[in-house]
Amino acid sequence: MFFDCLALIVGLCAAVMSKWPPSPRFPHGYGKVDTLSGFANGIFLMIISIEIIYEAVERLSAGSQMHRISELLVVSVAGLAVNLVGIFAFEHGHGHDHGHGHSHSHGNENMHGIFLHILADTLGSVAVVISTVLVHYSGWSGFDPIASCLIAILIFASAIPLVSSTAKSLILTLPADVEYNVRDTLAGVSTLRGVVGYTVPKFWLDDTAASSAHDHDHSSHSHDHHHHHHHHGHHHGHHHHDHDHDHDHGHDHDKHSPHVLGVIHVIASRGADLDDVRQRTVNFLRERNMDILVQVEREGDGRCWCGGGNRV
1 MFFDCLALIV
11 GLCAAVMSKW
21 PPSPRFPHGY
31 GKVDTLSGFA
41 NGIFLMIISI
51 EIIYEAVERL
61 SAGSQMHRIS
71 ELLVVSVAGL
81 AVNLVGIFAF
91 EHGHGHDHGH
101 GHSHSHGNEN
111 MHGIFLHILA
121 DTLGSVAVVI
131 STVLVHYSGW
141 SGFDPIASCL
151 IAILIFASAI
161 PLVSSTAKSL
171 ILTLPADVEY
181 NVRDTLAGVS
191 TLRGVVGYTV
201 PKFWLDDTAA
211 SSAHDHDHSS
221 HSHDHHHHHH
231 HHGHHHGHHH
241 HDHDHDHDHG
251 HDHDKHSPHV
261 LGVIHVIASR
271 GADLDDVRQR
281 TVNFLRERNM
291 DILVQVEREG
301 DGRCWCGGGN
311 RV
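Counting in the numbering used here, the sequence shown runs from 1 upward without gaps.
Note that these hints are calculated values from the structure, not bench results. Be aware that a few hints might be false.
Quick list of the computed label-pair ranges, beta carbon to beta carbon [as the list claims (entries may be wrong)]:
| hint | residue 1 | residue 2 | range |
| --- | --- | --- | --- |
| 1 | L170 | S61 | 37 to 45 Å |
| 2 | A176 | Y137 | 46 to 54 Å |
| 3 | W140 | H28 | 51 to 59 Å |
| 4 | E179 | P27 | 21 to 29 Å |
| 5 | L274 | A157 | 50 to 58 Å |
Ideal Cβ positions, reconstructed from N, Cα and C, are used throughout, including at glycine.
Based on the sequences and whatever the hints tell you, model everything.
Shown next as structure tokens:
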């Protein structure tokens with residue numbers, strides 16, 4: 001129970017910190033705090049699961065007996081009721097924030113980690129209730145450690161996707177579709193006037209922008225849905241207007257694409273203007289929803305630690 005409370009406190013602090021505005025020290029904001037909290041909670045759940053399995057095996061091999069079964073059953077049922085209330089409250093609050101009929105726990109690793117802690121506590125209460133009833137009617141205390149092992153395995157398995165996704169985010173791994181678009185964009189950078197090549201490109205997703213875009217999409221969807229029903233009876237008088245409206249929306253695709261941050265070292269030709277090359281590169285990347293810090297070096301200068309300027 002102490003560790004569950006600690007996990008909830010960490011998750012709450014991370015949720016608050018992730019909303020802090022960017023600062024000179026952290027110009028890209030604190031969006032990764034949510035991811036870090038989810039990763040820590042996932043690892044913590046795995047460690048707890050291993051400890052539960054270890055203790056259950058020890059109890060099963062030692063043949064320890066359960067005592068005061070009736071009192072244990074009452075306490076476990078009460079704990080299960082409290083945990084069920086917690087799960088329903090969490091699901092109601094989280095679902096209300098993201099719209100009815102949608103599940104977005106995968107979009108916020110911090111909330112996912114908190115939910116797994118609540119779920120693990122609930123499954124533990126279920127295991128205690130079932131094992132206590134079985135021990136009461138059979139007289140064999142081995143049901144309790146066996147139930148603990150099964151629940152621990154489920155908890156461990158449920159934490160694996162969370163740890164995997166948060167680890168990829170923390171090491172700045174791009175999704176496959178985003179990486180494909182980035183590679184296509186980099187090919188375009190090489191064709192810009194005055195650009196000879198580039199080195200050490202580093203890119204990652206902007207978590208804060210992704211969260212804001214997600215909220216905007218839900219509000220826009222609700223508005224469009226209402227707008228559609230409001231003009232349902234005006235098929236003939238506004239046909240041309242509706243066509244233009246839908247056509248305009250077709251050009252907003254890039255606005256909803258993932259916002260990519262990063263740095264890149266661009267190598268300019270010997271006779272090129274460095275400021276012009278930098279501005280061309282920045283504009284080219286911004287048109288593709290990429291906010292990239294561009295460093296420009298003239299070919300042959302060799303002033304950067306990466307040695308990019310020495311490459312011909």
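Here is how each hint holds up against the structure:
| no. | hint | verdict |
| --- | --- | --- |
| 1 | L170 - S61: 37 to 45 Å | holds (39 Å) |
| 2 | A176 - Y137: 46 to 54 Å | holds (53 Å) |
| 3 | W140 - H28: 51 to 59 Å | holds (57 Å) |
| 4 | E179 - P27: 21 to 29 Å | holds (24 Å) |
| 5 | L274 - A157: 50 to 58 Å | holds (54 Å) |
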